[in-house]
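Engineer: Protein chains in written order, with this note's numbering: chain D, -2 to 328; chain L, -2 to 328; chain B, -2 to 328; chain R, -2 to 328; chain U, -2 to 328; chain W, -2 to 328.
Check the hints yourself; a few may be wrong.
Unchecked claim - Pairwise CB distance ranges (calculated): (1) W:Ala212 - U:Gly84: 53 to 59 Å; (2) U:Glu107 - B:Gln183: 19 to 25 Å; (3) U:Leu32 - D:Asp205: 29 to 35 Å; (4) U:Arg213 - W:Pro204: 36 to 42 Å; (5) B:Arg245 - U:Leu32: 35 to 41 Å; (6) W:Gly39 - B:Gly149: 51 to 57 Å; (7) B:Gly152 - U:Glu167: 37 to 43 Å; (8) B:Leu32 - W:Ala230: 50 to 56 Å; (9) D:Arg226 - W:Gly84: 34 to 40 Å; (10) W:Gly149 - L:Ala146: 48 to 54 Å; (11) D:Gly211 - L:Tyr102: 51 to 57 Å.
As the list claims (entries may be wrong) - Incomplete in silico selection of chain L near chain B, CB under 7 Å: (12) Tyr209; (13) Ala212; (14) Ile236; (15) Asp256; (16) Pro257; (17) Ala258; (18) Pro261.
Hints were generated in silico from the structure; no laboratory data involved.
C-beta: ideal position from N, C-alpha, C; glycine also.
There are 6 protein chains.
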Amino acid sequence: MSGRAPEHPMPRRDYGGDLPYAGPGPTFAHVPLVLEPADLAGADVVVIGAPLDQATSYRPGARFGPRAIRDADIVGPPAARPNLALGVDPLAVLRVVDHGDVGSYPNTVESLHAELRTALGHVLDAGAVPVVLGGDHSVALPMAQALSARFGAHGFAVAHFDAHGDVELETDVLDHGNPFSTAIAQGHLSAANKVAIGVRGYWPTAPDELAYWGARGLRTVIMDEVVERGLGAVLDEVIERLQSRAPRVYLSVDMDVLDPAFAPGTGTPEPGGLATRELLLAVRRLARELDICALDVVEVNPMIDVAGITAGAAHAVVLEALGGMAARSTL
Amino acid sequence: MSGRAPEHPMPRRDYGGDLPYAGPGPTFAHVPLVLEPADLAGADVVVIGAPLDQATSYRPGARFGPRAIRDADIVGPPAARPNLALGVDPLAVLRVVDHGDVGSYPNTVESLHAELRTALGHVLDAGAVPVVLGGDHSVALPMAQALSARFGAHGFAVAHFDAHGDVELETDVLDHGNPFSTAIAQGHLSAANKVAIGVRGYWPTAPDELAYWGARGLRTVIMDEVVERGLGAVLDEVIERLQSRAPRVYLSVDMDVLDPAFAPGTGTPEPGGLATRELLLAVRRLARELDICALDVVEVNPMIDVAGITAGAAHAVVLEALGGMAARSTL
Amino acid sequence: MSGRAPEHPMPRRDYGGDLPYAGPGPTFAHVPLVLEPADLAGADVVVIGAPLDQATSYRPGARFGPRAIRDADIVGPPAARPNLALGVDPLAVLRVVDHGDVGSYPNTVESLHAELRTALGHVLDAGAVPVVLGGDHSVALPMAQALSARFGAHGFAVAHFDAHGDVELETDVLDHGNPFSTAIAQGHLSAANKVAIGVRGYWPTAPDELAYWGARGLRTVIMDEVVERGLGAVLDEVIERLQSRAPRVYLSVDMDVLDPAFAPGTGTPEPGGLATRELLLAVRRLARELDICALDVVEVNPMIDVAGITAGAAHAVVLEALGGMAARSTL
Amino acid sequence: MSGRAPEHPMPRRDYGGDLPYAGPGPTFAHVPLVLEPADLAGADVVVIGAPLDQATSYRPGARFGPRAIRDADIVGPPAARPNLALGVDPLAVLRVVDHGDVGSYPNTVESLHAELRTALGHVLDAGAVPVVLGGDHSVALPMAQALSARFGAHGFAVAHFDAHGDVELETDVLDHGNPFSTAIAQGHLSAANKVAIGVRGYWPTAPDELAYWGARGLRTVIMDEVVERGLGAVLDEVIERLQSRAPRVYLSVDMDVLDPAFAPGTGTPEPGGLATRELLLAVRRLARELDICALDVVEVNPMIDVAGITAGAAHAVVLEALGGMAARSTL
Amino acid sequence: MSGRAPEHPMPRRDYGGDLPYAGPGPTFAHVPLVLEPADLAGADVVVIGAPLDQATSYRPGARFGPRAIRDADIVGPPAARPNLALGVDPLAVLRVVDHGDVGSYPNTVESLHAELRTALGHVLDAGAVPVVLGGDHSVALPMAQALSARFGAHGFAVAHFDAHGDVELETDVLDHGNPFSTAIAQGHLSAANKVAIGVRGYWPTAPDELAYWGARGLRTVIMDEVVERGLGAVLDEVIERLQSRAPRVYLSVDMDVLDPAFAPGTGTPEPGGLATRELLLAVRRLARELDICALDVVEVNPMIDVAGITAGAAHAVVLEALGGMAARSTL
Amino acid sequence: MSGRAPEHPMPRRDYGGDLPYAGPGPTFAHVPLVLEPADLAGADVVVIGAPLDQATSYRPGARFGPRAIRDADIVGPPAARPNLALGVDPLAVLRVVDHGDVGSYPNTVESLHAELRTALGHVLDAGAVPVVLGGDHSVALPMAQALSARFGAHGFAVAHFDAHGDVELETDVLDHGNPFSTAIAQGHLSAANKVAIGVRGYWPTAPDELAYWGARGLRTVIMDEVVERGLGAVLDEVIERLQSRAPRVYLSVDMDVLDPAFAPGTGTPEPGGLATRELLLAVRRLARELDICALDVVEVNPMIDVAGITAGAAHAVVLEALGGMAARSTL
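Extracted from the complex, chain D is given alone in its bound form:
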C-alpha cells in the first residue's frame, strides 16, 4: 500500500446533492461503489458488508448493521474524512471503495459465509485490505479462512477487541462465540498469534477456555487487567507481541468491547467495558504501528441501538483505522 495521490477512476455514486441525508443510503463515507470483482484492481481498501446475525446467541438484529454503519455518516459528500489528530485524510491517501454487501437467499450462516469468503478472496487477490462491516462475529471464521488461504495460517496475527474471547471449545456448530476457535481447529489460525483485549462477563465456560487457550499461547487481556495496568501499557505489550508473531495483523473489533453505555446496540452486552474514546485511540494506534491486512467491525445491532450511538462509534472505528493505516503508509 503506497501513499500515492488518489485517482478514483471508478464512477462516483452521487444522488445530485451533498446533504448527508439525501438520496438512497450511501456507500461507506461516500466512497465509490465498485460491485464487479474485476474492478477492484487498484484499490487499497475494500469495504464489504456482512449482513448476517443467524449465529447470534442472544439478541439478533446485526443483519442491519452494515447499512446502519454506512448511514451513520453525518458529513455527506465529498468522500474526504481528514483525521485531525493525525493530520491526514485517509480517503485521499488510500484508494478506498465500497464493494456492497454479500447477501443472497437463503440467508443461512453457511451460505453467507461462503459468499463472504469468495468476496474476500477477490479483495485479497487485488492486493487490497478488506474492511468487513458486521453483522455478527461469526464472520471472523471466513475472514481467517480467506487470510489463511492468502498468507498462510501463520502469516497473520489477530488483534481482537471484544467483551468475549470467541474461542469456545465446542466448535461443531459455528456461532458467534466460537469463530476463532473454529478457525484454529480448522488450521486457519495459530492460537499463539491471537490477542484479545477487554474480555469480561460471567460465562460458565470462559475459565476453561482461557486456561486451555492460554496454555497454547493465546493471550487474553481481561478488562480488569486493562483497568489495572492502563490501556497504554496493554497496547505496548500487544503491539510487541503481535509484531513478534507475524508480519501482518487482522484487526477484529467487536463493538461490545465498549461499555453498554457507549454501545447499547450490540447483541450480548457486558457491563464494565471501554469508553469510545479509548477504543478509537487504541484502534488508531494499532493501525499506525502494525501492518493491518484485514479489519472487521462487528456486532452493531441497530434494532436495539439508541440514537445511532453504536453505529456512529463503529463508523468512527473504521475511520480511525483507516487514518492509522494512511499515516503509516505516508511514513
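Based on the hints, put chains L, B, R, U and W in the right spot on chain D.
Structural biologist: Below, chains L, B, R, U and W without anything else, positioned relative to chain D:
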C-alpha cells in the same frame, strides 16, 4: 403512458445480493437509479426525494423521510411488486426509475424548492409522472409551479389527502401550511380545481380559510363528513368533480391524513383520521379512475416514527398509486 | 352556563412568542392561568391537573399525564380552537381557564385526593365545570364526592368510557379499579345513575361485579355490545338513560377505552377497543346532548406513550367535549 | 374435551404474591407449569413456547415472543380469565397448563423444530390441544407434521390468519415464508384443507403462488376481499368450507394479519390489515364453531414492539381462542 | 459462610432448554427457586425481589425492576457465573437461591414493606445473606429494621452508593429520600455507622442534611471528592471506617450513583456520576474486604431504561458482590 | 454582580403545588418568570430560550431544547439549588429570572435571531448575564452581536466547548457550523479571543479552518489534546489565555462536546467526547475563575434524546455555571 412490456435499458443498481437489508440503502422498490436528466427519456414514472423540513411548524425531521420510505421496502430485489387486488405488477407495466434526491447546501426552503422545480421540469419534459417522496408539504408549491409550467394553471386538478387544508391565507412566508394557497396566489393553480379530504383539527384560522376558499370553489371534505357519508361516497363525488375540472390530476398525500395510530411519524398529527387500509383503497381507486400527472407522499418523519409504521404506509401508498396507474394503463 | 361573548379579564400567560413549542410548558390550549380560587369567579370551565398514579395497579407514570396533555397542543397561542364540524370555537363561547395542578408533598393518594376535593369545591362554587386531566382514575372518587356535595348524590349521573368498570367490590383500599364503587359505597353516587361503555378484558372478578351492580341498576356496555349494536345505537340508549336519571352528567373518559393502538400510553391496556375517531364523536355528541357538570380525561401515561399519540387524543377529547358544550350553550 | 370442573392436581407456581409484575416472569396466565411430559395427562390445553426466529427473512427478534406474550398478562394470579362476552372462564372449564419452551443449543431451525415436534407429540398423545406461542411462523411445519402423525394428513384443516400466504413454491430451504407449502410438499397437509385470511403485500412471487395453490383447492382470502365482503361473510364461508374438509381445525394466527398500527412488533409488516377487535372476534368465533385441535400465535417480535401492543394482542388472541373452545365444550 | 462445595438439594427450575430467552422469565442467574421459608435452611444467599415504587418522588416504574434484573441474564442455564478477575464462581462456592418477590394487593408502601420485613426475617433466621432487588430505595428501611432485629442497631454498618444521601430530615412520611434517616430516627441504625459515596445534585435541603448528619458521625463522600481523591483512596477510607464501626456491613447500591449515561433507567437521575466499571470494581472490593450481611441493588426502572443497560449493570453489581463474597469465603 | 441577599420582588410563578411534575412546564429551576423587559432591572442572570433549529445540518429538533432543559428539573419548587461542592446556592446569591423564549411566526433563522438580539440587548442593558438555552448553535451569532454592541468586539473572549469549531470559512449563509466565523467576519468578535475545546470528527473542511484561524490567533484544543494533556492542564491554559485577552468571557457550551453516550440528544454527534462529570467540573471552574458575561447551552435535541440524559446534563451545566458565578461573586 402505454401498457407496453418493460424494457429497462437503464443500468440496474444491485449490491450483489437479494436480501432486503443488504447493501447501501436501496432505490425505491429497487427500480433503476437514473441520475442524469438526459437519461430519463422513456421513463413512465420518476421517483424523486425531497429531503426538506425547514418549512415545518412543529416537529421537524421529515428531511429523513425519502430515505425512510425507500428503506421501508421489506421485499428486496428484483423490482417486481405485483398488486394482488388489481392483478397487475406496476413495475412490469410501467417504466419506473428513481432519480435520487434533490439536496444541496445551503439546505434552505428556497434552494431546495428551486432544485426540485428544476428536477420536476426534467421529468415532465420527459413525459413522465413525477412521484415526490417528502419531506414537508411545502413541496406542493414547486410541484404546482412545475405542473402549471407544463400544463397550464388550469390544466390540472388536485386531489389532496390531508388533516390540514394547507391553504392558509397568509402566503408571504412559505411554510408547510400554505403551499396550495401560495400556488393559487401565484397563479399556478385554480382554487376550484382542488379538493381536500380528511381535514380536521382545531386551528384558529381554519374556519376563515375554509369559508374564503369555499367561496372560490375549493372543496374541503372534513373528516366528519368522511365518517358520516362514508369514504366511498366521498370518493364518488371527488372523482366526478375532478374529472369535470381538468384532464389530469395531481394526487397529493400528506400522511397525517391517517390517524396518529396509523401514522405516528408525522410532524403535526391530528387525532381522529383515516385508517391505513382506507387510504390505500382510496389512493388506488383515484389512480385507477383519474389520469394522474403527479404524485407526492409527504410528511413522513422517521425521527418520531414507530417501528417504521408511517414509512411503510407511505411506501404502500406509492405502490397502490402505481398499481392504479398501471391498471388504468392496461385498460 | 350562558353563551355570552368572552371577556377574559384574567391576565394572559404569554412567553413573548407564538410558536407552540416556545416558552415554559403551556396551560391547556393557552387559556389564562388562574391560580387563586377567588379569581375563578366568572369562569365557565376550569381545567385542573391531577398528577397522581399511586393508585395504579400495573404500569405507573400517569402523574406526568396532565403536563403531557397540555404539551400536546401543536397550535400555540392565541387561545382559539374552533371546531370545524360544529362551527363553533369553544374558547370564544366559554370562559375557560387553567387552574394549574394539585400536587404537594407528600404525594400520597390520600393527600392528593384531599387537595383535589378542595379545588373542585372552589370550581363548583364558582358555578364552573371542572375538567380534570389525569392522572389515574382514582380521581373519580374525589370528583364524585365534590359533585355529591354540590348537587346531591342523586343530582348527577355518570357517563363513563373505559375498558374497565372501575367498580370492584372490595373498596377498603382505594385504587384505580374501584373509585366508582367506593363512591357508591360512600353514598356519593347512585349505582343506577352510572353507565360504562367499552368494558372488556379478562379480570377474574369482573363477572361478579357486573352481576352485582347490574342488579342495582348500573349499566355496563361491554365492547362486544358496542361492536354488535353500533356505537350510535349505544349512545342513543345512553343519552336517554342518563337524561332520565339526573339533570346533569359527569363525563369520565379513561383513555384505555381506546384500543392500545390508539392509546399505547395507558397503564392497563386492553386489546380490542374503540378507535380515536369513534371516541371523539361520542364525546362530542354526549357533551352536546347532555348537560355536562364535570369532565375527566384520565390514565394518560407519557412514560409509555408513543409519539404523543395518547396525550394528543386526550387533548382532542377535551376539545371535543368543550366543543359540544359550547354548541349546546349557543342553542 | 368436557366441561367438568377444574381440579388442577399439578403444583401451582406462585411467588408469594398476587401482583402481575411480581416474581420471575409468569407462565401463561399463571396456569400451572408442567415440565414433565408424563405429567401432561389430564390436560385439555398445553401452552408451549417456540422461541425461534432463525427462519425470519426481515426483522428478527421473535425468539423473545413467547416470553413477551406471557409477560403481557396484566392481571396476575389467580389463573382465572373470564370472557365477558361468552360468559365463561376458559381456565375454569379447561385444564390449561404451560409446558415451558423448547429451546436448546445449538439454536438452529432444525434442532428447535425437532424439539418442538417431540413436545407436540407428547401433547397430542395426552389428548390435549397444543397452543404454540411464537416465534416465527416456520413452526407451522412441525405443527403440521405432528398433527399429520396424529390425525393423518387429511384429518385436519387449517384456518390461517396472516398477511402472507406462507406457501412459497420453493421449499428446499425452510423459512417463515413456506412452512405450509413445505408441509404440503412433504405430505403432511392437504392443500384443499387450508384457508388463509388477510393476505396482502407486494411480493414478486405471490401471484404465481396463489394461482398454483388455488388450482389445488387452497383458498386465499386477500385483505381486499375481507374489506369488500365484510369479515362476517368471509368467516361464514371459511367455517363452512373447513367443516366440509376435515373434522378438526388447526388455527394458525400470524400477528401480522393485523395492520402495523395494531401489531407494530412483527418482522414483516404489511400496511392495511385487520384491526385487533376484528381479529379477536374472528378467532373467538372460529374457536367456538369449529373443533380446534391446535393453535399457534406467532411472529410476535418484542424487539420492535411498542408499549407491548403486539404481545398484548397476541395474549388476547389466545384467551379468545380458549374462550371459544370453552364455550363450545359447555354446549 | 463457608466455602464448601455446593449441594443444591433444592429442585432446579428449568424449562427444558438452555437458551437464555426460553421459558417463563428466569430466577436470578437461574439459581433454584425456593418459595417456602422453611426450605431456606442451608442457603448462603437468598435473592428477594421488592417490586415497589410507590415511594418514588419523580419517575415511577421501579416496580418492574426485579423482573428486569432477572431477565438481564444473557447466559442462561446452568447456574454458573464464574468471575474472571477473581477466579471463582460464586454460584459454586455459595448456595444461592431465589425466594421470589414480595408483592400482594393492596400494593402500598406499608404493606409491601411489612411483607419484605417478614421475608428478611426468614432469611436472616436461616443464617443467609439477603440480596434485595429493587424497587425503590424505601426498602432500606425494612432492611435496616430486619438487620437491627437480628444484629442490633449497632451490629451492622452501611456502605451506601447513591447520588442521594437518602437521609432527609423529615421522616414522618416515608419516601425513597429518607429511608436511612427514618431508620436512624426509629433506632434501627447508628448514624455514625453509615457512609454514602457518590452523592451529588442540587436538592434544596441537602446542605442542611449533610451538616446535621455530619455532626452525628455520618460520612458522606460527594462525587466531587471521589473525583478529586480517586475512588481507590475513598474506598480505602470507607473500608477502614466501616470495619472500625461494626462487624458486618449492609451494602446498599442505588443504581443512580452511576452517571445517567450508564444508568438511564432510574427515577431520579443526577448527571456526573460513576462509570459502570468503577462501580463494579468498588462493589467487588467491598464485598471481598468486608463481611457483607445484606445487599440491595435498587432503583432500576425498566420503564425508562434503554436497551437494558441499567438492568444489566444491576445484574452485574449483584454478581460482583457475590464474587467478592465468594472470594472472601474461600480465603 | 454583587453577592447580596436575594430579594425577588418579582411575582413567583407557582401552580399550587411543590411536585416537580405538577403544573404547566416550569421556568428554569422554578425561578420567577419575568416577561417584560422593563422588569428585568435588578436581575443578575436572565435565562432566555431560543427554540430554533432551522440552521441545523443533520438531525433537527433542537427547537424543543429550551422546554426540555426546563422540564429536566427533578426537584421542583422552591427555587433553591445549592451546589454541594461549592457550598453555595446560586439562586440565593444571584437574582436569576426566566425571560421565557423568543419565538414568533414566521420561525426562520433570521427572524428568531432578530428577536434574540433584541432580548439580549434588554438583558445586557439591565446589567445582567444572559443564559441562552438552545436551540441550535447559530444563536452564537446574535449573542456575539449583542455582546459586541455592549462591550465592543474586543471587550469579551469566548470559551467554547464543542465537538465542532463552528468556524466554517463560508459564511454567506448562516448555519450552525459557522456562527463564530460569521461573527468574526462581521467584526463582532476577535479571532484571537476565542478558544474551542473538545473539537473532533472527520469534516472535510476542518483542517483548512483550523489552519486559517490558527494563523489568526484562534486556539482550538482538539479532543486528542484534551486526552493527552489532561483536562486540568488544558483548562489552566485556557483560563490564562482568556484572562489575557479580554476582561470578560462568553461561555458557549455545545452539548455535543460530550461523547454521544452522555449526550445522545444532539443533532451532529461525534464519537469520542468528554464525560459529563468532566464537563460539569470544567464549566464550574471557568465560571468561578473567569468573569462570565454570557452563557449558552445549546444543541439539546429532545427528539433523539434518551431518558432525558442530554437535557438533564444541560440543566446541570447551567447550574454549575451559576454555582461558579455565585462562588466568584461571594469571594
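Engineer: Now tell me if each hint is right for this structure.
Structural biologist: How the hints compare with the structure:
1. W:Ala212 - U:Gly84: 53 to 59 Å: The hinted range 53 to 59 Å holds for Ala212 of chain W and Gly84 of chain U, with Cβ atoms some 57 Å apart.
2. U:Glu107 - B:Gln183: 19 to 25 Å: Holds - the Cβ-Cβ distance for Glu107 of chain U and Gln183 of chain B, about 22 Å, lies within 19 to 25 Å.
3. U:Leu32 - D:Asp205: 29 to 35 Å: holds (33 Å)
4. U:Arg213 - W:Pro204: 36 to 42 Å: Distance hint for Arg213 of chain U, Pro204 of chain W is violated at roughly 59 Å.
5. B:Arg245 - U:Leu32: 35 to 41 Å: Taking Cβ atoms as reference, Arg245 of chain B and Leu32 of chain U lie about 53 Å apart, which means the hint is violated.
6. W:Gly39 - B:Gly149: 51 to 57 Å: holds (53 Å)
7. B:Gly152 - U:Glu167: 37 to 43 Å: holds (41 Å)
8. B:Leu32 - W:Ala230: 50 to 56 Å: holds (52 Å)
9. D:Arg226 - W:Gly84: 34 to 40 Å: Check passed, 38 Å falls within 34 to 40 Å.
10. W:Gly149 - L:Ala146: 48 to 54 Å: holds (52 Å)
11. D:Gly211 - L:Tyr102: 51 to 57 Å: Once the Cβ atoms are compared, 54 Å apart, the range 51 to 57 Å for Tyr102 of chain L and Gly211 of chain D holds.
12. Tyr209: violated (14 Å)
13. Ala212: violated (16 Å)
14. Ile236: violated (23 Å)
15. Asp256: OK, holds: Asp256 of chain L within 7 Å of chain B, min 6 Å.
16. Pro257: holds (5 Å)
17. Ala258: With Cβ-Cβ at 5 Å, under 7 Å, it holds.
18. Pro261: holds (4 Å)
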